[in-house]
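Participant: Sequence:
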Amino acid sequence: MKLEDLVRVSAGVAATSGRLEKISRLADFLRQLEPDEVQIAIGFLTGWPRQGKLGVGWATLASVREQTPGRTATEDGELVAAEIAREVLALRDVDAGFELLKAVKGKQSGVERLRLLNELFARATLEEQQFLTGLVMGEVRQGALEGVLLEAVAKAAGLPATDVRRAAMMAGDLGVVAKAALGEGAAGLERYGLELFRPVQPMLADSASTLTEALTSAEGADIAAVSVEWKLDGARIQVHKQGDRVAVYTRNLNDVTVAVPEIVESVLSLAARELILDGETIALTPDGKPLPFQDTMHRFGRRLDVERLRAELPLSAFYFDVLLHDGESLVDTPLAERLQRLDQAVPERLRVPRLVTANADEAARFQSHALETGHEGVMVKSLAAPYAAGRRGSAWLKVKTARTLDLVVLAAEWGSGRRKGWLSNLHLGARDPAGGFVMLGKTFKGMTDEILRWQTTELLAREMSREGHIVYVRPELVVETAFNEVQRSSQYPGGVALRFARIKRYRPDRTALDADTIDAVRAFLP
0 MKLEDLVRVS AGVAATSGRL EKISRLADFL RQLEPDEVQI AIGFLTGWPR QGKLGVGWAT
60 LASVREQTPG RTATEDGELV AAEIAREVLA LRDVDAGFEL LKAVKGKQSG VERLRLLNEL
120 FARATLEEQQ FLTGLVMGEV RQGALEGVLL EAVAKAAGLP ATDVRRAAMM AGDLGVVAKA
180 ALGEGAAGLE RYGLELFRPV QPMLADSAST LTEALTSAEG ADIAAVSVEW KLDGARIQVH
240 KQGDRVAVYT RNLNDVTVAV PEIVESVLSL AARELILDGE TIALTPDGKP LPFQDTMHRF
300 GRRLDVERLR AELPLSAFYF DVLLHDGESL VDTPLAERLQ RLDQAVPERL RVPRLVTANA
360 DEAARFQSHA LETGHEGVMV KSLAAPYAAG RRGSAWLKVK TARTLDLVVL AAEWGSGRRK
420 GWLSNLHLGA RDPAGGFVML GKTFKGMTDE ILRWQTTELL AREMSREGHI VYVRPELVVE
480 TAFNEVQRSS QYPGGVALRF ARIKRYRPDR TALDADTIDA VRAFLP
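Residue numbers for the sequence shown follow numbering that gives the first Met the number 0, beginning at 0 and rising by one.
Keep in mind that a hint or two might mislead.
Claimed, not checked - The calculated DMTMM-like cross-link candidates involving lysine to aspartate or glutamate, where the alpha carbons are at most 25 Å apart (straight line), are:
id: 1; residue 1: 104; residue 2: 126
id: 2; residue 1: 419; residue 2: 65
id: 3; residue 1: 288; residue 2: 331
id: 4; residue 1: 419; residue 2: 360
id: 5; residue 1: 503; residue 2: 449
id: 6; residue 1: 397; residue 2: 331
id: 7; residue 1: 419; residue 2: 4
Unchecked claim - Computed beta-carbon distance windows for the label pairs:
id: 8; residue 1: 456; residue 2: 125; range: 20 to 30 Å
id: 9; residue 1: 192; residue 2: 516; range: 49 to 59 Å
id: 10; residue 1: 346; residue 2: 256; range: 16 to 26 Å
id: 11; residue 1: 304; residue 2: 361; range: 21 to 31 Å
id: 12; residue 1: 339; residue 2: 487; range: 38 to 48 Å
id: 13; residue 1: 456; residue 2: 501; range: 45 to 55 Å
id: 14; residue 1: 487; residue 2: 434; range: 19 to 29 Å
id: 15; residue 1: 101; residue 2: 310; range: 17 to 27 Å
FYI, nobody ran anything at the bench for these hints, they're computed from the structure.
Just so you know, even glycine gets a beta-carbon here, dropped at the ideal spot from N, CA and C.
Make the full structure from the sequences, and use the hints.
Facilitator: Written as structure tokens, this is what we have:
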């Protein structure tokens with residue numbers, strides 16, 4: 000299958016508003032793929048190649064795009080047949096190129112990545128280059144979200160979507176399941192169940208703006224008590240144990256066992272023979288207060304000096320769910336039963352603080368305690384809900400207390416997919432008391448269609464210059480920005496960045512001189 004065919008389908012899906020039509024278009028495309036192309040295509044359509052992150056930055060891609068303007072349809076038409084066959088990119092070609100990029104290491108890695116990208120982009124049309132750029136940067140947003148693509152796989156294979164969804168959750172990889180479904184049908188899905196040392200996608204939570212909202216809108220909250228738990232700002236982990244073997248996986252299902260020996264040791268001490276636990280790991284101060292998220296993440300991905308890092312920055316693990324206990328799968332059992340099993344298998348010191356209640360005042364006091372201890376907020380969970388791996392819904396609701404800053408828009412990037420034609424990703428800056436503005440990061444979150452239309456008009460009216468897909472503007476518009484945390488960052492000149500920034504509203508009542516200063520931002524650092 001040619002890359003241009005996938006790019007055409009992706010663009011068609013992006014231009015389609017109806018979910019059923021999206022599914023139909025994708026299903027028709029999937030039926031045409033060869034077995035070894037299915038996993039590649041699924042990764043490209045979801046915007047996540049099977050190789051994961053490729054270690055390529057925007058500056059490198061911009062340099063490649065500048066050097067290789069791309070073939071046009073007219074130029075293709077003038078090529079002889081042999082040249083066309085050589086030039087046209089197939090899905091396998093791009094996948095092979097990504098494999099080479101992923102393998103690049105060493106002092107000359109930047110030069111080698113540039114060479115490989117130049118070779119790949121030289122064979123691509125302008126449309127293909129645009130798609131490849133988004134794919135490499137993780138910014139493919141053409142409307143083929145995994146939920147839609149999952150239903151397309153089911154339709155293409157003639158299988159119930161529920162069966163495909165469950166298999167994908169258990170396998171942790173829709174591409175692998177799609178290949179099995181399209182190649183083997185129902186029999187191919189049977190081998191994907193809960194299995195030790197094959198991590199499953201974690202169950203996800205929707206958000207509620209207040210505790211009252213969460214208590215009244217959580218599934219089953221109107222008829223029964225709920226579980227209210229501390230919301231820790233740590234790293235999600237899934238821990239598998241069988242006898243004296245333990246493995247620790249991240250939210251993205253990466254194996255980080257070697258990097259976290261203290262977690263391995265604590266789980267080995269548990270009496271249960273077999274376990275799959277869901278929880279969070281977090282770095283704490285000596286008095287039990289949470290350290291910034293980036294400190295916790297500093298421990299992940301490290302394979303050298305693990306013992307030194309452990310001594311300097313020990314991790315604590317807290318579990319809130321159990322998926323398997325001594326050979327019995329619990330994913331289909333209600334949370335109430337899973338919590339009983341968790342309490343049997345894991346001591347209180349290793350469990351996330353929890354309150355089961357139907358009383359709003361009790362829940363509010365519990366929330367206040369979590370916030371006073373320095374944590375993000377609380378989770379509200381339905382006791383009747385099974386473990387819906389990989390799914391987001393109202394069975395779990397998170398309630399966090401967000402902070403806000405008034406920041407200035409310094410630039411914006413043209414959107415893609417549904418946001419094509421609108422300025423979307425905002426570059427945000429704080430005021431420097433010495434003059435000018437200091438960039439803190441980017442966000443495209445929290446914007447309605449109305450905001451996108453309005454800000455595109457207003458930002459273009461303030462345009463100063465352009466660089467690729469970035470429009471630089473006069474620093475005049477002030478936007479109220481919510482965020483979870485300020486963390487240290489070497490990426491931005493001010494040395495700090497916002498974590499989970501999202502737009503709340505524009506502030507027409509304020510000018511750039513009223514914006515918060517970089518000193519005010521740094522004051523949020525712990």
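Participant: Run the distance test for residue 419 versus residue 4: straight-line Cα separation, threshold 25 Å.
Facilitator: 20 Å, holds
Participant: Do the Cβ positions of residue 101 and residue 310 conform to the proposed distance bound of 17 to 27 Å?
Facilitator: 32 Å, violated
Participant: Below or equal to 25 Å on CA atoms is what counts here, so check residue 104 against residue 126.
Facilitator: 29 Å, violated
Participant: Should the hint that residue 346 and residue 256 are 16 to 26 Å apart at their CB atoms be regarded as holding?
Facilitator: 21 Å, holds
Participant: Taking 49 to 59 Å as the stated bounds, is the beta-carbon spacing between residue 192 and residue 516 within them?
Facilitator: 55 Å, holds
Participant: Between residue 304 and residue 361, does the beta-carbon spacing fit 21 to 31 Å?
Facilitator: Violated, at about 45 Å.
Participant: Just to be careful, I want the Cα atoms of residue 503 and residue 449 compared with a cutoff of 25 Å; is the pair within it?
Facilitator: 13 Å, holds
Participant: So does residue 456 sit 20 to 30 Å from residue 125, Cβ to Cβ?
Facilitator: 27 Å, holds
Participant: Are the Cα positions of residue 419 and residue 360 separated by 25 Å at most?
Facilitator: 46 Å, violated
Participant: Does the alpha-carbon distance linking residue 419 and residue 65 stay inside the 25 Å limit?
Facilitator: Measuring from Cα to Cα gives roughly 22 Å; hence the hint holds.
Participant: Is the gap between the beta carbons of residue 339 and residue 487 within 38 to 48 Å?
Facilitator: Holds, at about 42 Å.
Participant: Please verify whether residue 397 and residue 331 have alpha carbons no more than 25 Å apart.
Facilitator: 22 Å, holds
In terms of the numbered hints stated before, the structure departs from hints 1, 3, 4, 11, 13 and 15, listed from lowest to highest.
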